[in-house]
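There are 4 protein chains.
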Amino acid sequence: MVIIMKNDATKADIEKVCEYVKKYNLTPNVVNGSERSIIGIIGDVSILEDKPVNTMQGVYDVVRISSPYKLVSRAAKPCNTVIKVKDLEIGGENFTIMAGPCAVESYDQMLETAKNIKKSGAKVLRGGAYKPRTSPYSFQGLEEEGLKILKKVGDETGLITITEIIDSSHIEKLSRYVDILQVGSRNMQNFELLKNIGKSKMPVLLKRGLSSTIEEWLNAAEYILKEGNPNVILCERGIRTFETYTRNTLDLNAVAAVKNLSHLPIIVDPSHGTGRRDLIGPMSRAATAVGADGVMIEVHPNPEMALSDGAQSLRPDEFDKVCKEIKKILLIMKEV
Amino acid sequence: MVIIMKNDATKADIEKVCEYVKKYNLTPNVVNGSERSIIGIIGDVSILEDKPVNTMQGVYDVVRISSPYKLVSRAAKPCNTVIKVKDLEIGGENFTIMAGPCAVESYDQMLETAKNIKKSGAKVLRGGAYKPRTSPYSFQGLEEEGLKILKKVGDETGLITITEIIDSSHIEKLSRYVDILQVGSRNMQNFELLKNIGKSKMPVLLKRGLSSTIEEWLNAAEYILKEGNPNVILCERGIRTFETYTRNTLDLNAVAAVKNLSHLPIIVDPSHGTGRRDLIGPMSRAATAVGADGVMIEVHPNPEMALSDGAQSLRPDEFDKVCKEIKKILLIMKEV
Amino acid sequence: MVIIMKNDATKADIEKVCEYVKKYNLTPNVVNGSERSIIGIIGDVSILEDKPVNTMQGVYDVVRISSPYKLVSRAAKPCNTVIKVKDLEIGGENFTIMAGPCAVESYDQMLETAKNIKKSGAKVLRGGAYKPRTSPYSFQGLEEEGLKILKKVGDETGLITITEIIDSSHIEKLSRYVDILQVGSRNMQNFELLKNIGKSKMPVLLKRGLSSTIEEWLNAAEYILKEGNPNVILCERGIRTFETYTRNTLDLNAVAAVKNLSHLPIIVDPSHGTGRRDLIGPMSRAATAVGADGVMIEVHPNPEMALSDGAQSLRPDEFDKVCKEIKKILLIMKEV
Amino acid sequence: MVIIMKNDATKADIEKVCEYVKKYNLTPNVVNGSERSIIGIIGDVSILEDKPVNTMQGVYDVVRISSPYKLVSRAAKPCNTVIKVKDLEIGGENFTIMAGPCAVESYDQMLETAKNIKKSGAKVLRGGAYKPRTSPYSFQGLEEEGLKILKKVGDETGLITITEIIDSSHIEKLSRYVDILQVGSRNMQNFELLKNIGKSKMPVLLKRGLSSTIEEWLNAAEYILKEGNPNVILCERGIRTFETYTRNTLDLNAVAAVKNLSHLPIIVDPSHGTGRRDLIGPMSRAATAVGADGVMIEVHPNPEMALSDGAQSLRPDEFDKVCKEIKKILLIMKEV
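Residue numbers (full-length UniProt numbering), protein chains in the order written: chain A, 1 to 336; chain B, 1 to 336; chain C, 1 to 336; chain D, 1 to 336.
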């Protein structure tokens, strides 16, 4: 940690800061510049995280030079994490395709979707039972009825299942029905939910918040790991920018960055990331080429009749074409 | 609702859309343009909210021409809502000053703060007991111990109290200790929490999400009103933009806009909104001049020693100066 | 300047960096931390501005601890700059109201507007003759014909005139017709234009770029001052954010910040800043209360018939009401 | 065009709007809804582009349902544009690699770079002679001396050359030295420059503005085509978002979108787009997979000693590796 003093900081100001950090068993090193002084702090500076050093008399800025997250960092664990869900492995050498409708609507809809996506190579079936919707007047999901359908179809097809969790009190129930929990972007900083999932040990897919920095996202994952649950899959799903042509701006830069910063697997969701059916194919190819560990794509047997998100869902035949393209890119990725 | 067809939409496409909306007892009116056709829909179009009209064959876009929220809208209730909390009235002709530390740290800290802010004219004492923090390694609050301190100091000074709620399961407990619940920006779209608060009827201050549009924010408030709780106070606390000089960009445009769009009272938080102690005074004056119903300002007897948010907290004497300026502007506002 | 080394930087890396900065007569001070080393650099570090220190072997980051702009900074000139244009003084104790239509359309339109705004207290008449428009098919302005009208009306009413400049080659011509040049937000980083205006010594109003940070904006002003022209008025006109209800997000935080960072006067444009006629009044009051040195408001005798920007123009009677409110707030501002 | 009336619009308001549009030989079609009326307008509505219909009494909103750009749109020219520069073809079936240093520094630097990039498969050599820099104290380029070096190296190696233009007055001079002009992101809406380049017929690479929407970008290209110059190459180079880990957020969604919306070729610049050397490889692969017509990558023989942008420049051997990966992806792209 480096403490930068103001131009007009006095000797007394500097001494006061030094005394302050010494109380925490840290060693200050003062460098007196021509314009101002800086103080390098040596020792376990994490203890200062909550301390108001930046508002002490004469302090201009405090520069943190180590990342606030630890367990999720690549430095803490150099090799890629592989997460096992039943006989499926996510991360490492594997590329995992997750697919399914935005919301579970009926047994028939789910079974038809499941059979189709399995044929195309998907291993995980998605389907929302509890839907967080902007307006209270929008369809909120089939709730437990939806979970039952998801489980039944998962059992019948052998697909791994994933569904969104929207409240801490649902963990136990969801764990009886599905294999992977999904934390949506609106709940990425619902820290009580993260802590509770951390305690549960359930595999969890953590979507990036709509306007979360990469650092905030990794800190959110840290909440889960810190409670003892290492089974976190990250999911980039687009960020909010000024551009309105796409629903969100799918940020593939973040995927490449996360591969450097963390050992956790990262999946890309081009459906929410773009909000446009015509961009899902190109962005799926790009996600594969940038090095993602998988994709999650909305598929509906009849997007025009979907109860939600039809505009960003593929028909099974369109999805099949995208999967074929992904597989070709994957052949190349082995060599790069 | 207006449905805009693609340039190359066929007659059959148009007829199919017309048939579709008629099934919901709506009346389509086709206008055939030189380049394309548009279909005006008459009737209660809210039933189409979840329907995938926009993905039907030949449809270019669907333009919603009424707001999705109802109960919170100015149209639904032209006069300003005044929220009563004990003998305090928020909204309408009143301007309410809320103040206190980011986090409850000790009884002495709270009592000293409370006495000071009361002298300056504040009516509501804030203090966090459960703190949502970006990093799991940051101070997370005194929890129930903090609630007890807050209640004790509230009782002794006669100030109304407010604290942040971070999980649905805490509602009952918090309602025993404090007068107003606060939903933080990270939980603005935690819809389960909103629904549960809606059922509780507790007065609630709903902060705008970090990157929420005004419409999303009003929809979040709608979730609470829809469950039967009309006691919602909105709070603008800064949005995330590209600018890094300020912690957030306090958006006073939104305050003026909300006064037009909704009857709910709206409070401004210049502490989180700017993140800089030196901007709190000017932005508090501006918030008053723009027409806000109050401000919420972080005050700490010793900001340099605050356990969180010291950089954006005022000392009691600084706070007193800001209150005096606000009162002068308020005299003028009566006349505009 | 502080150079932060990587965790795995070697002694040789550190020495190489030290050697490098010594070549520029700077003194490095190495502080060896537990995890990594930092190097504080003493001397005139501006010489390193273009040097690729951040990409040298073992370097993690370089932290600049002085602002890159000098002449515009408050540190360089503690007292407020007052800019004289004929007998008008802008900045310091003065509050200047600028008004007029987006575009000069006709002599009658300009004369009627000028008489009205003068009566309400405006001192500066605006009107675009060369209009930068998003689409090449939109009205591009009356060009020199517009300048003639602006000059004639300025002469007849005694109002100071301002118009936008869009190309370096126009400086000489514009200086014959108007008193103040305006650099629009799209040209804020058209550095050739800035340099040429710097050489001209003409008073200039420099609008903030649509997505410029405060630092980039002050750097743009520095380009003008560096060439010898101190007559720069800054103008906040809204930034681009995710919010679509307002055309832009008028950023009053930046006004308060600039008053701290720079000695230059700063004006607020609530017309472009909000894009909505109904928000101009409240935001003008707020701009006054936050401490701006003036406002620039679009006024048109008949906004519904304006050739551009009608949606954000006030009628003369509406403008008069806003001016009266501003004056009341100004009375208070003398005391704060 | 659809005009949406307010809930409380009167019959007279509606009639007035109808009369207004009829004056321009357009046909209004009124649809009276339960809550409000809408008016569909038939005919050549482009004439209303500058008219203030949206501010007429009773008007709630005006919805434009055709794009404002014409010549650049895919609708105007379904097949891909191929731009010929000497014997090089850009766009269509071709993938073009452009590379070189941020700034021309010396003949030796350029020659070494040119030979290296040619070996790796690049066809276009970039190098700035006039550099737009945020601070006036940063290196501003070698100016004409730089142009001479660029031309000499281009001639000797047979590479096509490209350099940035920063002022209209430079067009003639630049056209004597280089093959392609580059308009930087800061000048994307410098409309005088665009018009003048339009008149020149020189091939031009038009970078997307830092915070320009796709529609604004295509409108900027329209300025050039409208003046008679069809030789426009678009270049995505990252947009400004809240994320600070990357310098900008390279927006590959925009590449996929532009391929749908326009017939112009589009190139991706991962150097400026990410600002990080370690992300250039992955994002170049992704750009290829998403369907871009080429990439532009900063290469410097010794990035650590570069006079600008060293942090985002590759060494020749790193660049060679990226080119090899691109070529592998290209083999696949032929099949998708």
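Be aware that a few hints might be false.
Copies of the same chain are indistinguishable here, so a pair counts whether it falls within one copy or spans any two.
Derived DSSO-like pairs: lysine-lysine, alpha-carbon spacing no greater than 27 Å straight-line [claimed, not checked]: (1) Lys16 with Lys115; (2) Lys328 with Lys195; (3) Lys334 with Lys70; (4) Lys321 with Lys148; (5) Lys23 with Lys86; (6) Lys6 with Lys173; (7) Lys6 with Lys70; (8) Lys327 with Lys201; (9) Lys70 with Lys11; (10) Lys199 with Lys173; (11) Lys334 with Lys324.
Hints listed in this document are in silico derivations from the structure and should not be mistaken for laboratory results.
Values in this document were obtained by computation on a predicted structure and should not be read as measured data.
Against the structure, the hints come out as follows:
Taking the closest pair of Cα atoms, Lys16 and Lys115 never come within 27 Å of each other, the shortest separation being 69 Å inside a single copy and 29 Å across copies. Taking the shortest Cα distances, Lys328 and Lys195 never come within 27 Å of each other, neither inside one copy (39 Å) nor across copies (44 Å). Taking CA atoms no more than 27 Å apart as the test, Lys334 paired with Lys70 passes in neither setting, with 29 Å inside one copy and 43 Å between copies. In this assembly of identical chains, the alpha carbons of Lys321 and Lys148 never lie at most 27 Å apart, being 30 Å within a copy and 50 Å across copies at closest.
Neither within a single protomer nor between protomers do Lys23 and Lys86 lie at most 27 Å apart by alpha-carbon distance, with minima of 50 Å and 45 Å respectively. With identical chains, the CA atoms of Lys6 and Lys173 are never at most 27 Å apart, being 55 Å at best within one copy and 45 Å at best between copies. Taking the shortest Cα distances, Lys6 and Lys70 sit within 27 Å of each other only across copies (16 Å), while inside one copy they are farther apart (31 Å). Proximity of Lys327 to Lys201 under the C-alpha cut-off of 27 Å is found in neither arrangement, the shortest distances being 31 Å within a copy and 43 Å between copies.
When the C-alpha separation of Lys70 and Lys11 is checked against a cutoff of 27 Å, the pair qualifies only between copies, where the shortest distance is 26 Å, while the shortest distance within a copy is 35 Å. Taking the shortest alpha-carbon separations for Lys199 and Lys173, both the intra-copy value of 15 Å and the inter-copy value of 23 Å come in at or below 27 Å. Both within a single protomer and between protomers do Lys334 and Lys324 lie at most 27 Å apart by alpha-carbon distance, with minima of 16 Å and 14 Å respectively.
The structure fails to meet hints 1, 2, 3, 4, 5, 6 and 8 from the earlier list, while all remaining hints are met.
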